[in-house]
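Chains as they are written, first to last, in the working numbering: chain L, 163 to 584; chain Z, 58 to 179.
Hints listed in this document are in silico derivations from the structure and should not be mistaken for laboratory results. All clues given are correct.
Below, in silico cross-link-like pairs of lysine to aspartate or glutamate (EDC-like), each with a Cα-Cα straight-line distance of 16 Å or less: (1) L:287 <-> L:352; (2) L:339 <-> L:298; (3) Z:91 <-> L:571; (4) L:489 <-> L:479; (5) Z:91 <-> L:561; (6) L:519 <-> L:487; (7) L:287 <-> L:354; (8) L:519 <-> L:496; (9) Z:91 <-> L:558.
No experiment lies behind these values; they were computed from the predicted model shown.
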Amino acid sequence: MSGSEQESIHRATQQDTHLGIHRAIERVARESYGRLVAYLCAQTRDVASAEDALSNALIAALETWPRDGVPQNPEAWLLTAARRSFIDLVRHRKVAEASEPTLALLREESNDMTLSPEFPDERLKLLFVCAHPAIDRVMHTPLMLQTVLGLDAARIAGAFLISPTTMGQRLVRAKTKIRDAGIRFEIPDERELPERLDAVLEAIYAAFGIGWDDMAGVDQRGRDLAEEAIWLARVLLQLMPGEAEVHGLLALMLHCEARRAARRGPDGRYVPLSEQDCQKWSSLLIKEAEQHLAEASSRGRAGRFQLEAAIQSVHAERARSGGIEWKAIVMFYEQLIRISPTVGTRTGYAAAVAEDKGAETGLAALDDIDGDEISVYQPYWAVRAHVLQRLGRTPETLDAFDRAIGLTEDPAVRQFLLQRRG
Amino acid sequence: MQFALLIFEPPEAFAARNADENDPYLGAWRAYHKAIVEAGIFVGGNPLQAPETGTTVRLKNGKRRVQDGPFADTKEQLGGFTILELPSLDAALEWAARCPAASIGAVEVRPVSSEYLCRVTG
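Hey, can you work out the whole structure from these sequences and the hints?
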């Protein structure tokens, strides 16, 4: 955190009344949580105890700050309190046997009351640990949301459609594995970096929600985590400002986020991207997205997220030109398929081809996609329904609409498709 | 593994059972049914008539007690059930979320107890 940010927090907290102390603590927790957990973890490798120690420190803050006032450096105060709590936790639970030297270090540091507010930012290591290949892929995102942002298991569970108890258990298991399996808190070396970074980016994007702007593939689950994902990407960018794909991911998410207000009509009905009122798009977010995309392409290494962001950028261009340059979108999809030939990418490509070269060619592109994976992939059926409808093939069209409707979770999208189906 | 999706619906949904062919809720159910059949996971299930058509029987101290209406007096009532063959609870929750009743009522997911079935059927 920069000096001026700290100062502004301090100034703001001074103005807070007694009632505002809670908000002050929330703000410090929000901004410092990940940094504090990451720092404690990097020293101890014990994620669960680090989190518990920090919660204890936050509880202590709730007790003492209203009485004594918010300390000059709230983050350092929390770190000192968390270190002490960590020592207590380890002593009582006898958690990690091998951590005696670590404990000695923590003990020494916690006695140092002149603690410098500058402690190393270890969040990047923590992000790489959360998306480590030894950790179950489906747990990468939940782990990040919990350890770096401090979200509770119940909220994460809802977003991922898992029961809160199960999510809690899976998080505990993953943290135990981090502690016991010898996963190191370090930045991967150059040879490993591209693949490892990809896992981190994927995990952040999964929090954002996949397929925001697909024809009808609005994924309900990720929606309420969109802001958290953008926050994570900003943290990552701060730590790796030179990585093109980090800029690409942020650009992609900002482009999608810019359209939030235009996605639903006043009556809550679903509005597909091509029919959205561009006046409702956030020009501020689009501008920021474009800056990141330019920054990414200046580095001359094309990647999946940059290409996806470029596709969104073409859509955003409609606000100025009034039209959509489908040829450019098709071209970006062709490049994207070479890097990542997923069902999602190929469905997007087919939809773009149908616009650029006609429904018949689009249908052929859809037919090229293999059967197994598409049977439960909703956007495929939505695109297929629209393409068939343009060709006027009624029985097949109705069937495709039914499949798309039946696989939809979002009532607004369901309503939209039912109307189109007629 | 088999999971039962217990479909809980508000009174409006039961009232809509008499609506015409173009009722969107009916349309959503048709599409959902088609999706589970096409996915090859549909085992069985049925909708139930409205809760007021229910009659509840119990024996108290050897005496028969018969009550008009459903067992539980709640706003949302059991409106049907679907049995699906799926590999995990995660997959079952996924299909429960797609169920048209999930956005207007609730869908409870319960594993079918094949173990107890064996003990009952012998």
